[in-house]
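*Asks:* As a plain string of letters, each chain reads:
There are 2 protein chains.
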Amino acid sequence: MKNTSHTNFDRMFHALSDPYRRAFIEQLAKGPAAVKELAAPIDVQLPAVLKHLRVLEEGGIVISEKVGRVRTYRMRPDAFRAMGSWIEQRQSEMNDAFDRLAILMAQTPEKKDH
Amino acid sequence: MKNTSHTNFDRMFHALSDPYRRAFIEQLAKGPAAVKELAAPIDVQLPAVLKHLRVLEEGGIVISEKVGRVRTYRMRPDAFRAMGSWIEQRQSEMNDAFDRLAILMAQTPEKKDH
Chain A
11 MKNTSHTNFD RMFHALSDPY RRAFIEQLAK GPAAVKELAA PIDVQLPAVL
61 KHLRVLEEGG IVISEKVGRV RTYRMRPDAF RAMGSWIEQR QSEMNDAFDR
111 LAILMAQTPE KKDH
Chain B
11 MKNTSHTNFD RMFHALSDPY RRAFIEQLAK GPAAVKELAA PIDVQLPAVL
61 KHLRVLEEGG IVISEKVGRV RTYRMRPDAF RAMGSWIEQR QSEMNDAFDR
111 LAILMAQTPE KKDH
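Top line first, the protein sequences correspond to chains A and B. If you count the first sequence from 1, position 69 lands on 79 in our numbering, and the numbers rise without skipping. If you count the second sequence from 1, position 86 lands on 96 in our numbering, and the numbers rise without skipping.
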């Protein structure tokens, strides 16, 4: 069960399970930012900020680039593609299951009439 | 930062960060199932199965109902609503940011002509 694809999904969803990491994503979705800009609005020490950013990078959500002494983070364009399509597929199956149930319930009174 | 809404998101995304819990969701999206049916296809002891199901229930993904000695799990109809709209909002901001960048890049050669 622990193949590569599962590990990726584990890391992706784990990356989103923290309010600071989601706050970084909310900032980066609007455009790239340096570590200093990401750390500024929150009351967290730099080592913790860097650890959160590493989790986001390992989860395939962000990429980073170092120019001189400044490391800049940006969203991966496909950050949400895999998890988005996993969720959509489940939602579509759920809708189908609800539809089947609705058809079943609609048919029940008819049976009573016979 | 640790308000109720954040806690809910933490739990939701954490609930999805495990391959066994995602396998349960994949099964339940197709229709309700009893604990025994959920445990059958996987090589995991019952206490671990119940723990995973509790995490899914605390994450607002599933609900359960006990009739006699049988506990049945089903998807919450709104299981993915909050996280789906969070992801959609980020994706839409990312698209806007890419569009702005594309416009900027398209304008660059014009400036060179003057």
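Simulated from the structure, these hints should not be mistaken for laboratory data. Computed from a predicted structure; not experimentally measured. Wrong hints could be hidden among the right ones.
What the hints assert, rightly or not - Far from chain A, some chain B residues (derived; all Cβ distances over 12 Å):
| # | residue |
| --- | --- |
| 1 | A44 |
| 2 | A49 |
| 3 | A50 |
| 4 | L60 |
| 5 | E75 |
| 6 | V77 |
| 7 | R79 |
| 8 | E98 |
Stated by the list, open to error - Examples of chain A residues toward chain B, derived with CB under 8 Å:
| # | residue |
| --- | --- |
| 9 | S27 |
| 10 | D28 |
| 11 | P29 |
| 12 | R32 |
| 13 | I35 |
| 14 | A43 |
| 15 | P51 |
| 16 | V80 |
| 17 | T82 |
| 18 | M85 |
| 19 | A92 |
| 20 | Q101 |
Positions of the beta carbon are idealized from the N, C-alpha and C atoms, including for glycine.
*Asks:* Against this structure, judge whether each hint is valid.
*Replies:* Evaluation of the provided hints:
Chain A leaves A44/B outside its interface by the beta-carbon criterion, the shortest separation being 16 Å against a cut-off of 12 Å. With a least beta-carbon separation of about 14 Å from chain A, A49/B lies farther than 12 Å from that chain, consistent with its non-interface assignment. No Cβ of chain A approaches the Cβ of A50/B within 12 Å, the least distance being about 15 Å, so the stated non-interface status holds. Every CB of chain A lies more than 12 Å from the CB of L60/B, the least distance being 18 Å, so the non-interface label holds.
Consistency note on E75/B: stated as away from chain A, and its beta-carbon is indeed over 12 Å from all of that chain's, at 15 Å minimum. Taking the minimum C-beta to C-beta distance to chain A, about 17 Å, the non-interface status of V77/B holds against the 12 Å cut. At the 12 Å boundary, the C-beta of R79/B stays outside the reach of chain A, the nearest C-beta of that chain being 24 Å off. Against chain A, the non-interface label of E98/B is violated: not every CB pair exceeds 12 Å, the least being about 8 Å.
Interface hint status for S27/A: upheld, as the beta-carbon distance to the closest one in chain B is roughly 4 Å, under 8 Å. Restraint check, D28/A versus chain B: the minimum CB separation of about 7 Å is within 8 Å; hint holds. The beta carbon of P29/A is positioned within 8 Å of a beta carbon in chain B (closest approach about 4 Å), and the interface hint is therefore held. Annotation: R32/A was flagged as interfacial toward chain B, and the flag holds, the nearest CB pair being 7 Å apart, inside 8 Å.
Nearest Cβ of chain B to the Cβ of I35/A: about 6 Å, under the 8 Å cut. The hint holds. At about 11 Å, the closest approach between the beta carbon of A43/A and any beta carbon in chain B exceeds 8 Å, and the interface hint on this residue is violated. A distance limit of 8 Å between C-beta atoms decides the matter here; for P51/A the minimum to chain B is near 11 Å, and the interface restraint is violated. Proximity of V80/A to chain B is violated relative to the hint, the smallest CB-CB distance being about 19 Å (cut-off 8 Å).
The restraint placing T82/A at the interface with chain B is violated, with a minimum CB-CB distance near 14 Å, outside the 8 Å limit. Checking M85/A against chain B by beta carbon gives a least distance of about 5 Å; that is within 8 Å, so the hint holds. With a cut of 8 Å, the hint placing A92/A at the interface with chain B is violated, because the nearest CB-to-CB distance is about 11 Å. With 8 Å as the threshold, the beta carbon of Q101/A comes within range of chain B, its nearest partner Cβ sitting at about 6 Å, so the hint holds.
This entry does not satisfy hints 8, 14, 15, 16, 17 and 19, going by the numbered hints stated previously.
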